[in-house]
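Asker: Sequence:
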Amino acid sequence: MVGQFRSWDDYFIPGTSVLRNRLGFTSVDELLAAELKLSGNRIVGLALQPVVGEFDLDHLCEVHRRIFHSVYVWAGQIRVGPEGRMSKTAPDILHFAPGDPAAPLIPYDYFQAGPELVRYVQSQLAALDGLGRRSHGLTDELVGDLAEVWSELNVAHPFREGNTRTQLDFFFQWLALRGMTLDLATLAPGGTHRQAFIEARFHAQGSGHSRRLADVLGDLISPIPPSREHRIRLHRNLGHPPAHGL
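Be aware that the sequence shown starts at 0, since it is given in numbering that gives the first Met the number 0, and climbs by one per residue.
These aren't lab readings, by the way, just hints derived from the structure by calculation.
It is possible that some hints are incorrect.
[Said to hold, decoys possible] Straight-line alpha carbon distances no greater than 25 Å define the calculated SDA-like cross-link-like pairs of lysine to any residue that follow:
{"hint": "1", "residue 1": "K87", "residue 2": "R232"}
{"hint": "2", "residue 1": "K36", "residue 2": "D182"}
{"hint": "3", "residue 1": "K36", "residue 2": "R19"}
{"hint": "4", "residue 1": "K36", "residue 2": "T163"}
{"hint": "5", "residue 1": "K87", "residue 2": "G14"}
{"hint": "6", "residue 1": "K36", "residue 2": "V50"}
{"hint": "7", "residue 1": "K87", "residue 2": "V50"}
{"hint": "8", "residue 1": "K36", "residue 2": "R5"}
Throw the hints in and build the complete structure from the sequences for me.
Answerer: Here it is in structure tokens:
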């Protein structure tokens with residue numbers, strides 16, 4: 000199956016902008032609706048039965064596979080393409096205040112696909128492993144270092160689709176294992192930190208500095224382990240349709 004995807008165009012049904020999918024949908028809107036429903040159910044399932052691993056690349060890929068394997072053949076696989084750097088346009092958060100209507104749209108670059116992408120993700124997850132070994136509870140240092148890893152993993156963007164949802168579960172479980180809770184509810188539609196989280200990631204992406212993301216994460220992480228009910232409730236927020244836009 001890996002050989003089926005050798006270029007960016009291979010992800011699409013020929014002649015369309017619809018991603019190849021297991022469900023047979025040929026409409027973007029129908030595919031998105033089905034993907035959100037199925038992936039939302041899988042995400043809640045991860046709250047009850049999280050992936051067990053070493054929080055390395057295999058672990059990250061398995062989280063992605065568990066969420067999306069019923070929709071996409073390439074679930075759990077590192078993306079191929081596009082050639083050159085991939086970018087997304089969003090308001091200029093580097094030179095304008097958050098929410099300023101005068102802010103123009105600018106490109107924010109992601110990591111180029113290829114062997115270097117894999118090595119870079121592995122290096123960031125190795126840094127996360129080091130952070131886990133030296134951390135002792137919730138501290139400013141932990142939040143700052145976690146924000147650095149998270150912002151770099153966001154720039155790497157290792158999967159074709161579903162990176163944010165994968166990262167949110169991955170880091171939720173990493174923190175839960177250490178007796179802390181990442182409040183996913185605040186990132187749901189209408190959540191108090193949703194927009195700040197989006198802007199902080201773009202700011203880190205454009206500036207190379209993760210301080211703003213650390214400030215947001217500092218508000219989202221508490222030194223209390225999540226209960227079973229809390230895990231389910233928080234993970235349900237990741238399945239809401241607008242969360243796809245994170």
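Asker: Please go over all the hints and tell whether each is borne out by the structure.
Answerer: Right, here's what the structure says about each hint:
{"no.": "1", "hint": "K87 with R232", "result": "31 Å, violated"}
{"no.": "2", "hint": "K36 with D182", "result": "21 Å, holds"}
{"no.": "3", "hint": "K36 with R19", "result": "17 Å, holds"}
{"no.": "4", "hint": "K36 with T163", "result": "16 Å, holds"}
{"no.": "5", "hint": "K87 with G14", "result": "22 Å, holds"}
{"no.": "6", "hint": "K36 with V50", "result": "20 Å, holds"}
{"no.": "7", "hint": "K87 with V50", "result": "30 Å, violated"}
{"no.": "8", "hint": "K36 with R5", "result": "28 Å, violated"}
Of the numbered hints given earlier, the model fails hints 1, 7 and 8; all others are met.
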